[in-house]
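The C-terminal position of the sequence shown is numbered 197 in the working numbering, with every residue numbered one higher than the one before it.
Treat the hints as calculated values from the structure; they're not laboratory data.
Mixed in with the good hints, there may be bad ones.
[Stated by the list, open to error] Here are the computed lysine-lysine pairs in the DSBU-like style, where the Cα-Cα straight-line distance is at most 30 Å:
id : residue 1 : residue 2
1  : 33        : 78
2  : 64        : 74
3  : 74        : 49
4  : 36        : 148
5  : 33        : 148
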Amino acid sequence: LAAIVGGSKVSSKIGVLESLIDKCDKVLIGGGMIFTFYKARGLSVGKSLVEEDKLDLARSLEIKAKEKGVELLLPTDVVLADNFSPDAESQVASIDSIPEGWMGLDIGPESVQSFQDSLQECKTIIWNGPMGVFEFEKFATGTNAIANTLAELSAQGCCTIIGGGDSVAAVEKAGLAKNMSHISTGG
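Use the sequences and the hints to build the structure in full.
What follows is the structure, encoded as structure tokens:
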């Protein structure tokens, strides 16, 4: 059982993450909330979104996952932008080399591959929250790749559950909603 949790804020996913760590074998984290985890690890995150008041929570979630033997996967690279716009300049960087003045808007290609590899053996996958700012085409690659992977796994018998407005919007935008086992617009 794997859960993919994305979106911009850790604060809106606290209960979800704590509950999923108790139930899942793997938890994959994407979206803007990853930068709160990175900052909690002491990494520089440039202008990326960070919830300063949730740094201790991020640390405790990583510890809880480790104690329970849950594989907690965070991206190892990110797609950065020089500003928050659909036509921003972009670059890919490792999470430990995010330059000042840049913000992360998607998971990087190495992370996409790592997430896809990690999901291959799963029998059930729950997805709530995009991997990046999928509304901007330039920063939709991670979200679209995960949507495609879940569609492929669903066709092989994996139960894929998509929950929440942004996740549903992403699979609908990709034309893959019909390929998922279950879609919940309620989150």
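For each hint, the structure was consulted:
1. For the given pair, residue 33 sits about 10 Å from residue 78 by alpha-carbon distance, which is consistent with the 30 Å threshold.
2. Between residue 64 and residue 74 the alpha-carbon distance is near 15 Å, which keeps this suggested pair within the 30 Å criterion.
3. About 18 Å separates the Cα atoms of residue 74 and residue 49, which keeps this hinted pair within 30 Å; it holds.
4. Straight-line distance between C-alpha atoms of residue 36 and residue 148 comes to about 28 Å, which keeps the hinted pair within the 30 Å bound.
5. Restraint check for residue 33 and residue 148: not satisfied, since their Cα atoms lie roughly 34 Å apart, outside the 30 Å limit.
In this structure, the one hint that does not hold is number 5.
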